[in-house]
Structures are given as structure tokens and as C-alpha cells.
Amino acid sequence: MSNDPKSIIEELSDHYQISEIKEQKADLLLLKIPKEDAVQFIRELRDGQNYTHLAFMTVIDYIESGIFTLTYMLHNYAAHHNIAVHVDIDREQTEMESIHELWVHAATYQRELREMYGIRFPGSPRLDDDFCLEGWDEIPPMRREFDTVSYSRERFFDREGRITTDPREHMKQIMYPIHTDND
Amino acid sequence: MDLPVSTITLSTGLALLLIGMWGMLTQKNIIRMIIGFSLIDTGVHMIMVTIGYLSGGTAPIINDAVDRLTALQDVVDPVPSALVLTAIVIGLGITAVMLAFAVQIHDKKKSLSIENCTESKW
Amino acid sequence: MEFWAVKIGYFLITLGMVTVYGLLLGAIIARTMARVQGRIGIPYWQPFLDIIKNLGKRTAVSHGVMFYMGPVFRIAGGIGTLAFVPVIYGSEMFSNFHFAGDLLLAMYFIFFGQLGMALGAGESGHPFSAIGVARGLGQMTAFELPFVLAIIAVVIQYDTLSITEIVAAQQGGVSNWTLFTNPLAVAAAMLAFLGMSGYPPFDVFTAPNEIPIGPPTEYHSSFLALMATNRAIFASAKLILFMDLFFGGATGLIEMIIKTWAIYMVAVVVGASFPRFRVDQSIRFFLRVPTLIGIASIAFVQIFLLG
Amino acid sequence: MVEGLLAPINLIIAALGVGFLLPLIARSSASIARGLFWLTQVFLLLISSVWLLRLIDGAPAVEVITAGIQPPFAINLYFGLFEAFVVSAVNLSAILGSWYLIDYFKSRAASMSVYLILTMGISGMVMTRDLFNLFIFIEITALATYGLLALDKRPASLAAGFKYIIATSLASTFFLLGTMLLYHLTGTLNIDDMLLHMDRITGPVGLAAGVLLLVGVIIELKPYPANGWGLDVYETVPAGVAAMISVGVSAGAFFALYKIVPLLGDFLPVVAAVGGATFLASNFIGLRQRNVRRMLGYSSVAQMGLMTLALAVLYMLGKSEYVTLVIGGLFINHLLAKAGLFWLAGVVDRPRTEAWVGLRHRPILLVILGILLAALAGFPPFPGFWGKWELIMQLSAGELPFWVFVVLLGSLLEAAYLYRWFGFALQDDETRAPAVEPVKLIPVGLFALSLLATGHLVADWLGLEAPRVLVPIYMGIILYALDGMPGRLKALLVLGAFAVYAYPVVMGLEGLHWLFGLILLLGGGVIAFAVLHRSDARRGFYPLLGMLLFSLASLLEASSTLEFFFAWEVLTLSSYLLISMGRGAREHILTFLMFSLGSAFLILAGFGFAYGETGSILLADLSKVEKSATLVFMLLTLGFLVKAGAAGLHVWLPGAYSEAEDDFSALLSAVVGKAAIFGLLLAAMHLAVNGVGAINQVLYVVSWLGLISALVGALMALFQEDVKKLLAYSSMGQVGYIVTAIAVSSQLGWVAAGYLTVNHLLFKGLLFLAVAGLVYQTGTRLMYQMGGLIKNLPMTYISVLIGIIAISGVPPLTGFGGKWLLLNALFDKGWYWQAGLAFFASAVAFLYLFRLIHTVFLGQRKQAHKDLREASWLLLFPQILLIVAIMAFSIWPKLLIDPIASSFAGIFPEALIWDGTMLKTRLGYWDGFMVINIVAGVFLVPLLILLFLSRFMQIQKVKQFNIVFAAERPETPETTHYAYNFFSFYEKALGPLLKPRATAFWDGVSEWSHTIGSTLRVLYTGNGQTYALYVLFYVVMIYIAVGGMG
Amino acid sequence: MTTKDQSLGPLANDGLSPEERDLFSDARPVPYQPYPIEVVEKFVNWVRANSLFMLAFGTGCGAVELNPLMTARYDAYRFGFQPRPTPRQASVFMIGGYASVKTLKRIIRSYEQMQGPKFVVALGICPVNGGMYWDSYNTVNQFDLYIPVDLYITGCMPRPEVLLAGVLELKKKIKEGRADGHNRYIENLDWYKANQKRIIKNWDMPDYSW
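Chains as they are written, first to last, in the working numbering: chain U, 1 to 183; chain W, 1 to 122; chain X, 1 to 307; chain S, 1 to 1046; chain Z, 1 to 210.
Hint data in this document are derived by calculation from the structure and do not stem from the laboratory.
Even for Gly, the Cβ is constructed at its ideal location relative to N, Cα and C.
There's no promise every hint is true.
Said to hold, decoys possible - Each pair of labels, with its calculated beta carbon distance range:
{"no.": "1", "chain 1": "U", "residue 1": "Arg-144", "chain 2": "S", "residue 2": "Glu-971", "range": "33 to 41 Å"}
{"no.": "2", "chain 1": "Z", "residue 1": "Cys-61", "chain 2": "U", "residue 2": "Gln-24", "range": "29 to 37 Å"}
{"no.": "3", "chain 1": "S", "residue 1": "Thr-1015", "chain 2": "W", "residue 2": "Ser-11", "range": "35 to 43 Å"}
{"no.": "4", "chain 1": "W", "residue 1": "Thr-86", "chain 2": "S", "residue 2": "Thr-1015", "range": "41 to 49 Å"}
{"no.": "5", "chain 1": "W", "residue 1": "Thr-86", "chain 2": "S", "residue 2": "Ala-110", "range": "19 to 27 Å"}
{"no.": "6", "chain 1": "Z", "residue 1": "Val-162", "chain 2": "X", "residue 2": "Arg-35", "range": "22 to 30 Å"}
{"no.": "7", "chain 1": "S", "residue 1": "Leu-462", "chain 2": "W", "residue 2": "Thr-86", "range": "39 to 47 Å"}
{"no.": "8", "chain 1": "U", "residue 1": "Gln-173", "chain 2": "Z", "residue 2": "Val-162", "range": "19 to 27 Å"}
{"no.": "9", "chain 1": "U", "residue 1": "Thr-58", "chain 2": "Z", "residue 2": "Asp-190", "range": "38 to 46 Å"}
{"no.": "10", "chain 1": "Z", "residue 1": "Cys-61", "chain 2": "U", "residue 2": "Gly-118", "range": "23 to 31 Å"}
{"no.": "11", "chain 1": "U", "residue 1": "Asp-158", "chain 2": "X", "residue 2": "Arg-35", "range": "47 to 55 Å"}
In isolation and in its complexed conformation, chain U is listed as follows:
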């Protein structure tokens, strides 16, 4: 079997609908896989292709497209190579198959994603326990429709007299006062 990631992908392409393959860096390959095949594909990478380590698992909120893109970052210790497996899931039907049986520590990532984005992973241990937030009762805070400013104002009360500036403008003013004057 070839160790070359490209050839691995090609080989796997026979069985899986792999799309958006992109070699980001020499040791990082991005690809996308349909939600239904994702876990099977990841399992294949782990068991068949020596990507034995789940480095992390995260999500990107594409509110405009109405999707979350889950990212599973897998690492191959022997080849020092990473594959980032992207999986699109619906922003409204936020549910994904759990991979805690592949990697025990995935459960922790999934707890975090459940808490911060409201993505459900049925079967994942302690999924609904508090992770970072304690007693959170709003929509998950990292979803982009969550308005953190108004939440903060409503809840933590801005102190009187606080001045807020646009950081870029402010820094320009401090560092290059002359130019600013000229503008």
C-alpha cells in the first residue's frame, strides 16, 4: 500500500464520495465527505490507513449557507501527516453520528460542540453535562445568530463612562497621529 496521501485518497475514492480535496500544506490535506459516509470513512482512515490519532474536532458556522462544517483532524504518526475531514451538516437539523467509540476523547470534543453550538451526538457519554458553561439557558453562545453584545449589555451592564472605539481607528490614531490628522 502506498503511503502517499494522494494515492490513499484516490484509492478510497472508489468507495466514498470524496470532494473538495485540497493539499493545504505538505503535511495537511483537506477533503470533504458526505455526512452519511463520514464515520465509516474516518474509521477506514484510522484502521486501514494508520491515521490513528484524532488531533481535534471542531466546527465552522456557515450561517449564510445554513450549514455547520464539522472538521475532524486526523493524524498519522508514522507519516507525520494530517487529514482534515470536513463534513457538512444542516444548521437546523444539527445532529451527527458520535465517534466516541473510535476515540474515547472524542466525547469531550462532542460535549464542547454540543454546549457551544448545540450540535447533538446521540449516544455520546455525558453529552448534556455542563462543560465550560454552567447553567447556560440561552441559545448556544458560539452560534453566529447569538448576539453577544446585547446579551452582555443586558446581563452584565456596561459601566457608565466606558468609551468604545474601533480598534483599528484607535490604534491608527495612537501610532500614526499625523496621518490621521491628514485624513
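Chain U is already provided as a structure; the job is to place chains W, X, S and Z on it using the hints.
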């Protein structure tokens, strides 16, 4: 050869005894073991009689043929002979009981081998 | 009655002096350590201020009667130990109540404060207190063995259990000190002393970060003040006991101060240069080399000193 | 007419006649036959017992010669006292045994006649003085037995029966041959005549005759290894028949042996060896046996072996005057107990020992079983006890230590398997309680009572002050009779009776006895007071408690070694039974009993050798022992050390102390354990003070043993989760100090020992009682399941606090005085290493004591324990008394030390000097009164200061979760309480030092014993032919052994 | 010296389940009064100022600046300022910068477990007005709504020199008897509790953590 009668009976008795022992200890068949026992019994009886026998002695009947004074030396001791009678009876009884056992065992086990009688051990 | 009045009066003077000395000694040691680290360190009166500050706390919580009494037991243990040890040889004023009992009494009385403290800390219900106590007691049993062996060697050597007589036997020159007549016993005892003093590497029972200072983790306010006072008294009492047994005792205040400071510095110097043992490691340590030295010291006494 | 009916010959005639008539009558009417059968049996019993009474009254023995013709042509009977006794006993067992065979007789009418003939045959064997008659009676008995076996008709019985026939017929053949040879040599068949012509029995023929005769009889007694056939019969036949064979046939055979023994002058060592080998081997094999009847069979065989051994040895030593006591005792004991047990086995009808679970719920059944087993194991007051005692005395006096060892080892093994069985019976499983018709228990109950009665008679006959020595037993019986009363009433009764009895006892004692009188009796009374706290009936508890307490009194009153040993055994038995009442005790009681018996046997051997030298059994005469002083002292010391739980011998202790009922544990540890100390001091006082022989070396070893116990006890206590186990190991450790103090053997040492003993009584009683209350309230013994109980049980907490301060030796309480005295004694003696170890052990003790008080009373309270209440005041009251005593002795140590010193006055040079309240020794000084005042001062002043300061603080009383928990809040009390595996680091630090070596060793011993048993029983292949071969080999071996080859 | 204000009664401890309420004290804290003798009070205040036991609890990123404070360069020991591992023994609480809601809960517990008089010093701008986290969903913007602050040391981050100056300032305040956060908290306990409970949703602890 001048073999005294007592020697003959004694050695026969001993021989029977040993044969009987051999039979009892080697034969697996219960009936044969009983036969062995009978032989032992007979051997013992012969030995008993021999013990009481006085070489050249006469029958222990006190009559004119026997001098009353020397009777003790001349007359064959009657006691062993008398005892043998009892012993024979008892031996018979035991043999009978053994045979009864043999019948019963054969009834229950359909076998006469002593090796099948090892239900209890240790 | 008069006898008692005088004795108690003398003892109070000794106690006050030893307390002040003990607290100052603590500050001196702290400043010495600070100097080693390139700092100035706490002011000399800092230990006094800390005690007064703690006495001046206005709120406190109590977990129960034993919790309340724990520090009292503790300080009673310290004062009592001091009471049974003569401080200065030949001085009526500084001989305390040593006539009430001999060396064995002083040695066993050391446990009194430990027990009370352990009970008080236990009643606080804090698991770290219990862990600290368990470790502390466990380590204590271990260093007690070489210490006791050393003491036995001393007792054989001087054929008495009276501390005063042991000191008396060491008078008449430096060469009469146990330190020089029976160096093995002193070595064993000083190793035990390292464990007793609670400096690294034997400080796991008060590990400040892991089990926030162990047994007294729930103590505060006046309780803490009492315990801090005891720390000074008890440490001094132990130092004086060591001085009496192994370093010729003292015939004057200055001599006592110098000797006890020097003994204390041993623990400080070792403490400044070592990391920490786990408690099972320290138990094993004490039961190996120091114990062997202790055994050797008894053999030494029996063979060489008694013939 | 009446006189004619009662003639002894009717024993034969009636049985024989009716025996032959019965089958005929049975044809017409079965019920008439049965009636006649019973009538005949009663008649037989009547004849023999009437004659027995007459002969006891001094009537001359009867010689019966039938038909006016000399034997052997007619029957020649001799009916003396012994014969009458044995025949009565056999007839009694026969009649009672047939009670259990009623069903058997119903279904097989012929068996009744066979049974009668069997009885007759045995009577004949006993009575006849003619060898040939003996042969005939042996054969009649054998035939009758075969008949009984054949009538059973189960395959296993038949097979066993056939094997039996083969072996016994061979044996009788040998007997017959032997008889004839003897006749050939002596010209007579009468034993008495033969004895007159002993000089004729010489040469090879004489030898052969003797061997054949001996083997003929011995085989009937089923010697190892030629006895497999016998055991098969015991296992398979109905219990009533087995009992008859075990008791009756064996009795006849043994009596035959007894009769021919005088003929066997030179063979006696061989006979003894045969008996010894059988006794030992059978008991070893018995260990492996789980089938009740076969096990009883082994026991039977073993008993016969023991009696054979005893008979031979006594004749060898020329001490035939002791035959009556030794053999009589052993015989009647075996007869009553073994018959009873076989019957019981038939009644309960559970073949496997482990199936006897649940007997506990049938008190009468259990009591009967208990009595029978106790008798068989040689416990007092049963006749076996007296027999064994005298046997050991005579063996020792005859300088036969090897036989002493064999007898004691065999007895120990026998007790092991018997009591393992009893252990199953004690198991608590109500569902499996056997259903038994009470009627069936009458005969066996009768035998149990007879055992008690004979015990009393023997004691009386020995000239002991029977009522006084037997008081504990009577108390037990009386209280058992009153067992239906309410619990508290019984408790009061026991305590009241004990107080009334003990007061004059203590007053009448002096010296050491007086000191221990106070310790054992006063202390025992105070601690036993705690039993009042339970109001339930506690069936069986109070009788045994009474027995225990009174046996303590007897122990103190004992003036002779016999009385002492008697009381000691009663103490052992009653503590065993009391311990067995604990719920989890089952696994530990056997160990307890084994070690207790081992200890008792060592003591017995010690007393034996002392008697051997001085010829006196007075305790006071122990000090006259010189030549064997070291041996006696070693045996006694070892025996008492086992009971004191010295390291290596302690494996029984933790289980027994912790699994006994909670209030009894206190008594056991604080008081009963002190009996061993009393014994040690007694032995030391009589033997060690003179310092003869190697006693000083023994003492030196003992001093180390004591301290190693102290250390091991402390270390083991560290790692216990079970609060009572912790205290049990603590007891072991504390007693270790006492042992060492005794070994010091100086005034200081013994005063220290006395002081430590009293102190241990006080604090361990206190702790165990406090823990009893605790366990009673919380329902658990595991410390980590408790915690924070100071708020619920403050008085109990104070008890434990005082207890642990007193135990740890921290001034100012009493503990320090003990440590001070001990260390002074050790220093004074020059035992410096021991002093170091003592100190270290006491430091380790400090750890477990802290754990005890912390994990139970401090820390986090469990939610379930929120509403617990203080223990009953009835339980607290004795604790308060003990606390008062501790405080008083702390303040005025002189109160304690003076009496102790005075009870040892004059033995050693004075080493303790009082100077006012100051106590001085050569090395040190200690003023307890001053110390407690100073401590009170230094404690009260800071306390007052703190109270003053508290006025300026708002001190808020908070609850258990208001702790700094790294800025979190505790979740549950369970996870917040640091208690489980408290000293795990210590385990890690010491590692391999803490392996349970003693337990492993004794497990090994047990394993080896079982392996020996397994190896020995390999011979029993179950093949009748092989058994016959063994019989043959046996003859050859005996022939070789008596010198037939040379 | 003070008597409890009986009118207010014990705390409700609503956040706890009924069986848990047995395990926590529900006593209401009471403010302390100064010593009756003024000289004593002044002396004690001076002592308090010179014996500051800081709670070693780094609540935010500002805590990194506390470490150098103890080292040779700054040596806060000189001023009687030293760390203490348990809140029970500490008298100064240094809030190390931003306080998230989750940390706030721990801060409240630790603060309440400290024994009075006790002082709070808040470092950095975040406790003042949220600083750069002003719009975060879990950082409090006005720390003194929840815990009374005796002294703010502003900056992001404040350097050790500033901290040292702050310590000296605090000492001055204590000596003058103006550092009364402890009593303020207790007197306005209901207001503080209301504020705390508004943002801490899972209030699974007693109302006052003794």
C-alpha cells in the same frame, strides 16, 4: 520315606491355606473368592487337627486298651478334634452367608466381580 | 505552695522568653532564606504581627468542640514539652518542671499536641486535613525510630534517663558532648530531626499547594494564632531537647541561642537544597539509613563505651 | 425364681432363644414378635444392670460354667464388675439403637433376631474367659453383623458387607490358628490358666501363636491401614447398625483385647504402635472426609486406636491400676458419644457435613450435637477428658514424650474435623433447618445427659471437690434450663449469681491470684454488665456467658493443675461457643478452636511433664520441677502465648475477636485474653524465678516474640477497614508488651506487666464497648462507612478518646505509666534493642488509633447517620466506670502500682522507690500526680485565653460541608470523607514486610495436614481384595515388628 | 460583641435540595463592630495593614503578574504581604483580571470563606468595566456588583510596580480604617446575592458559603 501322618496333614493344611489365600487375593470372581475362603477354612481345620495329633497315639477313648496312667502320653488330644467340629460349623455358616451375599450382589449388580464393589472408598 | 508559686513564676518567664525567641528565630530563618534568594525578607517582627493580626480577626467559624479545642491541645503539647525539659543547665530559673519526669516523659508528651491537633483537624471534615495528618503521623513513626535508637544509645552511655544528668555528664568541655563521644547517635538523631522539623525534603504533609498546608487547612483567626505561637514554642522545646541530649546543653542564654540556632540551621540548609520526598519515600528513607545508623550507635556504645 | 431369671447366663440364653424363635413368631404375628423383641432387650438390660449395681455394691464376681462340663466343650463365663459395666452399656446402646431401627425391623423381621444375636455375641465376647469360646462369640457376632448387612439389600451395603466378611473371616481364621497354637503350647484354652503357664509360650511357635491371636483381635478393632472394609460399612449401613458396630462390636473386640493383653507381654510396644498409628492416621484421613458417617467411622477407628494405645502403654509402664480411669473414661465416652452421633447422623440424614447447615435453628438438636462432639473432643466434664488427662499424665510420667505428642496431635486433628462439621451446623440458614421428630431425639438426648452425668461421677470418684470444680458447668445447665426467660432478666441473673459467687472468691485470694481475681472477676463483671443493653432473648447466650464467667473464677481457685486445666478447657469451650454466635464468625471459629486446643494441649503436656518429675499435680509444686523445668516452662509458655496471640500464633485472634458479638468481644479481649497472662505469670512465677536450666534463654526469646507481636499487631491494625478487626489486632499488639514485660522477669518488669494488664483491661474494654455501641447504632463495622459521629454519639466519642489516649501512652493518662515502667524495665535489664522496638511499635500504634477515632467520629457524617442516637446508657455505664478508673489511676498511679507491687512482693529485689508521689527507678523518675497537674495547667490556661479571645470574635458554628474545598463545594459526604485505605502510603513504603506470613504458614500447615490425609487414604481403594491383602500384610508386618524375622 | 439581627432570619438556601440543606449552614452573617477601645482598633488596623495574607488563587490572566511580586526584584514580603494557600487564613483577595461567570462562582465561595476583616483588590481593567472582554457572553463587566472591592489597580496588565503601589495604597486604606468591604458585603448581602444569582444560573450552593 518315613513321613509321619502329622507332617503330611500339617503340610497339606498349610498348602490348602496358601492356595486358599492365593485364591482369595487374586481371583476377581466373588464365587472363586468364596472357594478360596473355603480352602483356607479347610486348611485351618487340618492344621487344628494336626496340632492335637500325637504321633503313634491312639484314639482318645479311655478303655482297657489304654493305660490310665500313661493316657496323657498315648492318647491323641481330643480337644482340637472337638473344636474342629464347631469350627467347621461356623465355617459353613460363614460360607453360606458369603454365598448369600454373592447371590444378592449378582442380583443387584448383574456382576460377580469384586472390582464392581467399590462404591465407597477413601 | 510557695514552691509552686516560684516554679510557676519561673516557668512563665521561661515560656515568655522561649516564645519570643522562637518567633524571632522563625523570622531570622525566613530572612536568612530570603538572603539566599536575594531578597530582603520579612521584618523581624513579622511573626508577632501575624499572630496579633490573627488574634484580631473578627469572624471565625467552628466545626465543633474538637475543632475548637484542637489548637489548645496543640499549644498545651508545646508548652508541656517545654515544661518537662530543663532549658539551661544549672539555672534554677530555667529548669522548668523537669523534676516531674524524665526523658521518657518528654518524648511521649510530644505526641500530646500531635494528637489534639489531629483530632481538631479531623473534625473540620476537610479531607486534606485528614490526608495531611495521616502523612504527618506516618512520617513521624518513621523518624521516631532512628531518634529513639539515638536516645537509647545516649541513655546507655550515661546510664540515666534524667535529662539534667545527661547534660551534667556532658559538662567540662566540648569534647564531652555527645556529638563527639557518640557521633553515630547524633547523626541518627539529626537525620530524624530533619523529619521532625518539616522542612524539605520531608514536608509533604503540609504541602501548601497540593493539600493546602495539610492539617491546619481549616484553621484561622485565633486558632491559627495559637498554632503559630505553639510552632515557636514547640520548635524551641525540641531544639532545647536536642541541645540537652546531644550538644552539651547550655549554661547560659547566649549559649542556648547559638546552639539552638545552629541546630535549626541544619534543617534549614538541608531544606533549602532538596526537593520533596513522597511520604512513602520518606518513610522508607528513615527506616533505612538513619535506622541503621541508630542501630550502629547502640552497638557502638555497647562495644566501645561500655566495653 | 427371680434370682434364676437374673442369672448372667440368661444374657446368652434369652437372646439366643428369642433370636431363634422370633422368625417363627413373626410368621404368625409381627406385632407379637416385635413385642417379644423389645421385651427381651429390656430383660437383657435388666439383668446386666442389676448385676452391675450388685457388683458395685461389692458382690463377688460370678463364674458361670454351663452344663457342668469344663470348657471349651461348654461355655465358660466370668461376670465381674468390668464385664457387667460393658455389657450393660452395650445392652443399653442396643436397646436405644433399636429405637432408630424400628422401620428397618418392620420391613425385615429376621433382622430383629439377628440383632438380638448380635447383642448376645457381644455379651459373650465380653464375658467369656475361654479363647475358643471367644472365637465362637466373635464368629457369632460376625455372623450376626453379616446378617444385618445382608438384610439391608442396597448395593453399596452389600458390597461393603462382602468386604467386611472377607476381612473379618480372615481375621477370625488367624485368631483360631493362634488359639490352637496356644493350646498346643499350654494345653489349655482358658486365659487365666494360660497366664499361669506363660513360660511355655516361647520359641517360634509361641511367637507365631501370639502374633496370630493378636492380629485376630486387632483386625476386629480395624487398625490402619487394614480397615477400609470397616469404614465402608460405617458409611453405608443404617445409622443404628453403624452405631452398634462402632460401639458394641468394637467394645466386644476391645474387651477381648483387654483380656488377652496380659498374654502379650513382649508385644505391648507393637500394640501401642498399632494403636498410635491407627489413631493418628485415621484422624489425618478424617480431615479429608466430608461424608458424615464415614467421618464418624474414622473417628471410631481412631478412638479404638487411642484406647489400644492407652491399654498397651499402661501395661508397658506397669500402671495397670490406671486402666480403669483411662480406658474406662475413654470407653464410656466413646460409647455414649459415638453411638449418639451415629444415631444423630441417622436422624438428620444428611450425608455430607456441609449439608448440616441450619441446625442452629433446632436448639435441642444443636445442644445434643454440641455435647456429643465436646465429649468426643475431650472437653470437660465428659469422661473422655478425665481419661485423656490421666493418660497424658501417665505417659509423661513414663517418659514417653513421643506418645504424648501422638495422642495430642491426633486429638487435635480429630477435633478439627469434628468441629468443622459443627461449624456447618452452626451456620445461619433458617430455610435449611432439618425437620426432626422429637421422639427420635430421646435416646440420643439420653446419651448426652448420661455423658454429663458420668462426667460428674468421674470427677466425684477422682476425689475432686466436684461441686466446686464443676460449678461453671452447673451454671451453664441451670441457666440453660431458664433460657425461656426474658433476656434482661437472664442477664441480671447471670451477673447477680456471678457477683455473689465471685466476691468471696476474690476476698479469699492473695498475691498474684488476688491481683488477677480483681482483673478477671471485677473487670469481667463490669464489662459483662454491658450485656444488659440488649433486651432480646439471646437464646443460649446467657448460659454460656455464665459458664465463661464462672470458669474464670474456677481458674483462679484452682489449686491443682487438673483443676486449672479443667477450668481452662471450660473457658475455651464456652468462648468458642460464644464466639460462634457472631454472625460472621463461622469462618473463624474453627481456627479459634484449633489454636485454643493446641494451646490447651501444650499446657496439658507441660503439666504432664511436671507431674512426671514431681509426681504431684498441685500447682504449687510446679516450683519443685528442676530437671525438666525448661521443657515444662517452654510448653506452658508456648501454650499461653498461643492464647495471648503472640506473633505467628495469632492467626485465630483477629477473626475471633472481631466476629464475636459486639458486647462479647469486649469481654473476650479485655478479660478472657487476660487468662493467658495469668497463666504466663503463674508459669513464670513457679518456674522462671529460679532460673534453672535454659529458662533465661527462653525468656529472652519470649521478650522478642512479645515485641514482634506488638509491632505486627500495630502494623496489621493499620490496614484494617473493620473497626473490630482493628481493635483485635490492637489487642494482639498490646498483649505483646505484656508478654515482654513478663519476660523481663524482674520487679520492674512484672509490675509493668501487671500495670499494662490492668490498663489493657480498662482501655480495651472501653474501646470494645464503645465500638459495640457504635456498631449497634450504625449497623456496620466498616470504618469508612461511618464518619462525623461525634455529634450523634458524644459519650461514645469521649470513651474512645480516653481509650486511645490511654492506649497510646501519651501522658498524662495511664498508658504512659505502662510504657514508662516497661521501658525502664527493659533498660534496667539491658535489653536495649527491645526497648527501641517497643518505642517504634507504640509510635505505629498511634497511627491506627488516630485512624480509629478520625474515620469514625470525625470527618464527614453520612446522610444516613444523620438521626443516629447515642448508645444505650446500659452500654455506657460500664464505660463510665472504666473511664473513672482510668482517670483515677492517672491521677494517683500509686493506687495501681502499690497493689501490683505488693502481689509480687518478695520474689525479686525491690527496684521501685516511692518518694511521695514520685516513682523512682535506678535510671529515671516519674511523678504521675505532678504531671497530670502540670498538663491540666498548660491545657487550661490556653483554653481560658482562647475562650476570652472568642468573646471578640463572632464564632459561627457551621456544618460539615462548610469547608474550603478548593473553591468547589463537596458533592457527597462519602466522597469527601478521607477514610478508605487510610494508610495506603504505609503499605507502599513497607511493601513486602507486610505480607501475611503467619497466615500463609498456618494455611500451609492445614494444607499439609490435608495432604497427609489424602496420601494416607490412597490405600482405601474400595476393592475388597486389596483390603484382604492389607490384612495379610498386616500379619506379616506385625510378625516382623515383634521380631519374628530375627 | 455584636448581636445577630434576628429580624432577617436564616438564609433560605433555595439552590440546594432539601437533604443537602442539612449539610450547609444557613446562618446569616453579621457585620462586625470596631473594638470598643479606639486605640486598640487603631493598633489592630495597623497590624492588619502590616500582615497581609494573600489568597493564592489566580482567578484570571492578571495572576501572572503576582508571581514576580514575590521574587527578589519586588519582594512584597518586605511589606508583610505573603501568599497563603487557604482562604480561611487569608485576608486579601487579589482578583487576577477578568472574571468569567464560572470563576465568579468560585470567587464568591472563596471570598465568603475568608475571615473578616478581609480585603479585595481587583487587578486590571477587566473587573472595572470588562476591558477587552466587554462584549463577551461570560465575562462580568462590573465586578463590584458582586463582590465589594476595596481597591482597583487598573491597566492591562498592571505591572508589578503598580501592584506594589496598590498594596501600599491598600495598607494605607486599612490603617485609616477605610477598607470596609467585609461589612459592606454583609450589610448589603441581599443586594449582592441578587446580583450574583442573576448571572449565575445554576446556583447549587448555599446562599452564604461559610
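Hints and how they fare:
Separated by about 36 Å at the C-beta atoms, Arg-144(U) and Glu-971(S) satisfy the suggested range of 33 to 41 Å. The hint said 29 to 37 Å for the Cβ distance between Cys-61(Z) and Gln-24(U), and at roughly 32 Å that hint holds. Distance hint check: the CB atoms of Thr-1015(S) and Ser-11(W) are about 41 Å apart, consistent with the given range 35 to 43 Å. Here the CB-CB span from Thr-86(W) to Thr-1015(S) is close to 43 Å, well matched to the stated 41 to 49 Å.
Roughly 24 Å separates the CB atoms of Thr-86(W) and Ala-110(S), a value that falls within the hinted 19 to 27 Å. The beta-carbon spacing between Val-162(Z) and Arg-35(X), approximately 27 Å, falls within the hinted interval of 22 to 30 Å. The hint said 39 to 47 Å for the Cβ distance between Leu-462(S) and Thr-86(W), and at roughly 45 Å that hint holds. Our hint of 19 to 27 Å for Gln-173(U) and Val-162(Z) holds, since their Cβ atoms are close to 25 Å apart.
Between Thr-58(U) and Asp-190(Z) the CB atoms are about 43 Å apart, so this pair conforms to the stated range of 38 to 46 Å. For the hinted restraint 23 to 31 Å between Cys-61(Z) and Gly-118(U), the CB-CB distance of approximately 29 Å keeps it satisfied. Range check, Asp-158(U) to Arg-35(X): about 49 Å between beta-carbon atoms, so the 47 to 55 Å window is met.
The structure meets every hint from the earlier list without exception.
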